[in-house]
Amino acid sequence: MSGLKRPQKMGMFGDHWVPGPTLSESERFGDLGHLPPEPAARKRVPIATGFMDYFPDAIAAIAECSQITNEQHNPGQPVHWDRSKSTDEADCLMRHFLDRGKVDTDGVRHSAKLAWRALALLQKEIEASRNP
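The sequence shown begins at 1 in this note's numbering and counts up by one.
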C-alpha cells in the first residue's frame with residue numbers, strides 16, 4: 001500500500017471514488033444549484049433514466065400526496081410547499097415509516113408520505129450545505 005492514496009469520499013455523481021478533498025456543493029453545481037454547470041458532469045446526473053424511469057408509480061403517488069395534503073393544509077391554494085408548516089421531516093418520516101404498507105385516513109399511503117418527507121429532508125439538507 002505504500003504510495004497509494006486511499007480515496008476519502010464517494011463522489012456525488014455515480015460509482016466513482018473522488019480522491020482527496022471533495023468539491024463543495026457550489027463548486028459541483030455552480031450558482032444555479034440544481035445541476036453541475038459542465039455538460040459532462042450534467043450527463044452523469046440521469047434524472048429521467050436514473051430516477052424517473054425507475055419509480056414512475058411511486059413518483060405519481062408522491063405527487064398525488066402533495067396535491068391531497070396541500071388541499072388539507074392550504075385549502076383552495078395552488079400546490080406549494082409551505083415550509084412554515086413543514087419543519088419536522090425526520091420525526092414525521094419515522095411516524096409514517098411505522099405505518100408503512102397502510103393507507104392513512106385521507107386515502108394516501110403512509111409510504112408516499114414517508115417518501116415525500118424523505119425528499120423534503122434531503123432538499124433542506126442540500127440547501128443548508130450551500131448556505132452554511
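Think of the hints as simulated: they come from the structure by calculation, not from any bench.
Just to be clear, a hint being listed does not mean it is correct.
Under the rule of at most 30 angstroms between Cα atoms (straight-line distance), these lysine-lysine pairs were calculated in the DSSO-like manner [what the hints assert, rightly or not]: (1) Lys85 to Lys43; (2) Lys124 to Lys102; (3) Lys102 to Lys85; (4) Lys43 to Lys124.
Against the structure, the hints:
1. A C-alpha spacing of about 35 angstroms is found between Lys85 and Lys43, which places the hinted pair above 30 angstroms, so the restraint is violated.
2. Distance restraint check for Lys124 and Lys102: the Cα-Cα separation of roughly 27 angstroms lies within the 30 angstroms cut-off, and the hinted pair is therefore satisfied.
3. Restraint check for Lys102 and Lys85: satisfied, since their Cα atoms lie roughly 24 angstroms apart, inside the 30 angstroms limit.
4. For the proposed pair Lys43 and Lys124, the alpha carbon gap of about 24 angstroms is at most 30 angstroms, so the pair holds.
The structure shown violates just one earlier hint, number 1.
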